[in-house]
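Assemble the whole structure, with the sequences as input and the hints as a guide.
20 is the number that full-length UniProt numbering gives to position 20 of the sequence shown; each next residue is one higher, with no gaps.
So the derived label-pair ranges between C-beta atoms look like this:
id	residue 1	residue 2	range
1	17	72	26 to 32 Å
2	91	70	24 to 30 Å
3	41	78	15 to 21 Å
4	73	15	24 to 30 Å
5	71	18	25 to 31 Å
6	85	47	18 to 24 Å
7	90	70	24 to 30 Å
Just so you know, the hints here were simulated from the structure itself, not pulled from any lab data.
Cβ atoms here follow ideal geometry from the backbone N, Cα and C, with glycine treated the same way.
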Amino acid sequence: MSQKSDAAQRPADKGFTEKQGQYLAFIYTYAHMFRCPPAEADIQRHFQVSPPSVHQMIVTLERNGLIRRQPRVPRSIEILVPPQRLPILEWLEINQSTSL
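Here it is as C-alpha coordinates:
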(Lines of atoms letter the chains of each structure in order from A and count residues from 1; the text may use other names and numbers.)
(Lines give C-alpha, C1' and ligand atoms only; values in the text may rest on other atoms or scores of the structure.)
Protein backbone atom coordinates (compact mmCIF):
# COMPACT_ATOMS: atom_id res chain seq x y z
CA MET A 1 0.00 0.00 0.00
CA SER A 2 1.37 3.45 -0.87
CA GLN A 3 2.11 6.07 1.76
CA LYS A 4 -0.42 8.48 0.26
CA SER A 5 -3.36 6.08 0.43
CA ASP A 6 -2.27 4.91 3.88
CA ALA A 7 -2.22 8.51 5.13
CA ALA A 8 -5.65 9.17 3.62
CA GLN A 9 -7.06 6.27 5.60
CA ARG A 10 -5.63 7.55 8.89
CA PRO A 11 -6.10 11.33 9.01
CA ALA A 12 -6.09 11.36 12.80
CA ASP A 13 -2.46 10.23 12.77
CA LYS A 14 -1.39 13.30 10.81
CA GLY A 15 -0.02 16.28 12.66
CA PHE A 16 -0.77 19.89 11.90
CA THR A 17 0.83 23.26 12.54
CA GLU A 18 -0.44 25.69 15.15
CA LYS A 19 -2.00 27.87 12.44
CA GLN A 20 -3.67 24.86 10.81
CA GLY A 21 -4.95 23.85 14.24
CA GLN A 22 -6.56 27.26 14.70
CA TYR A 23 -8.31 26.96 11.33
CA LEU A 24 -9.52 23.47 12.25
CA ALA A 25 -10.71 24.69 15.66
CA PHE A 26 -12.59 27.58 14.03
CA ILE A 27 -14.27 25.29 11.48
CA TYR A 28 -15.26 22.87 14.25
CA THR A 29 -16.55 25.61 16.57
CA TYR A 30 -18.45 27.42 13.81
CA ALA A 31 -20.09 24.20 12.63
CA HIS A 32 -21.28 23.43 16.15
CA MET A 33 -22.52 26.95 16.83
CA PHE A 34 -24.39 27.42 13.54
CA ARG A 35 -25.13 23.78 12.63
CA CYS A 36 -23.38 24.11 9.26
CA PRO A 37 -19.74 24.48 8.26
CA PRO A 38 -18.39 27.96 7.59
CA ALA A 39 -18.00 29.49 4.16
CA GLU A 40 -14.52 30.65 3.21
CA ALA A 41 -15.79 34.24 3.70
CA ASP A 42 -16.64 33.42 7.35
CA ILE A 43 -13.12 32.09 7.89
CA GLN A 44 -11.68 35.18 6.18
CA ARG A 45 -13.61 37.50 8.52
CA HIS A 46 -12.52 35.62 11.63
CA PHE A 47 -8.81 35.46 10.79
CA GLN A 48 -8.76 38.85 9.03
CA VAL A 49 -6.85 37.50 6.03
CA SER A 50 -7.32 37.67 2.27
CA PRO A 51 -9.62 35.30 0.36
CA PRO A 52 -6.65 33.61 -1.40
CA SER A 53 -5.00 32.96 1.99
CA VAL A 54 -8.11 31.22 3.27
CA HIS A 55 -8.53 29.19 0.11
CA GLN A 56 -4.89 28.08 0.17
CA MET A 57 -5.24 26.97 3.80
CA ILE A 58 -8.41 25.00 2.98
CA VAL A 59 -6.63 23.31 0.07
CA THR A 60 -3.66 22.51 2.33
CA LEU A 61 -5.89 21.07 5.07
CA GLU A 62 -7.66 18.91 2.49
CA ARG A 63 -4.41 17.77 0.87
CA ASN A 64 -3.06 16.79 4.31
CA GLY A 65 -6.15 14.70 5.04
CA LEU A 66 -7.39 16.91 7.87
CA ILE A 67 -10.66 17.94 6.20
CA ARG A 68 -12.87 16.72 3.38
CA ARG A 69 -15.00 18.80 1.00
CA GLN A 70 -17.57 17.90 -1.64
CA PRO A 71 -16.77 19.40 -5.05
CA ARG A 72 -19.06 22.26 -6.08
CA VAL A 73 -21.00 22.10 -2.79
CA PRO A 74 -20.77 25.24 -0.64
CA ARG A 75 -20.23 24.87 3.10
CA SER A 76 -19.27 21.22 2.78
CA ILE A 77 -16.11 21.21 4.94
CA GLU A 78 -15.95 18.14 7.17
CA ILE A 79 -13.30 17.86 9.88
CA LEU A 80 -11.48 14.50 9.86
CA VAL A 81 -9.56 15.12 13.09
CA PRO A 82 -11.12 13.86 16.35
CA PRO A 83 -12.39 16.85 18.38
CA GLN A 84 -10.20 15.94 21.35
CA ARG A 85 -7.09 16.51 19.18
CA LEU A 86 -8.13 20.04 18.21
CA PRO A 87 -6.58 23.00 20.02
CA ILE A 88 -8.66 25.55 21.86
CA LEU A 89 -9.70 28.33 19.50
CA GLU A 90 -7.88 31.57 20.20
CA TRP A 91 -10.23 34.49 19.58
CA LEU A 92 -8.74 37.62 18.11
CA GLU A 93 -8.22 40.38 20.60
CA ILE A 94 -10.82 43.13 20.46
CA ASN A 95 -9.45 46.64 20.53
CA GLN A 96 -10.21 47.83 24.05
CA SER A 97 -10.05 51.51 23.06
CA THR A 98 -13.23 51.42 20.99
CA SER A 99 -16.39 52.38 22.80
CA LEU A 100 -19.59 50.43 22.49
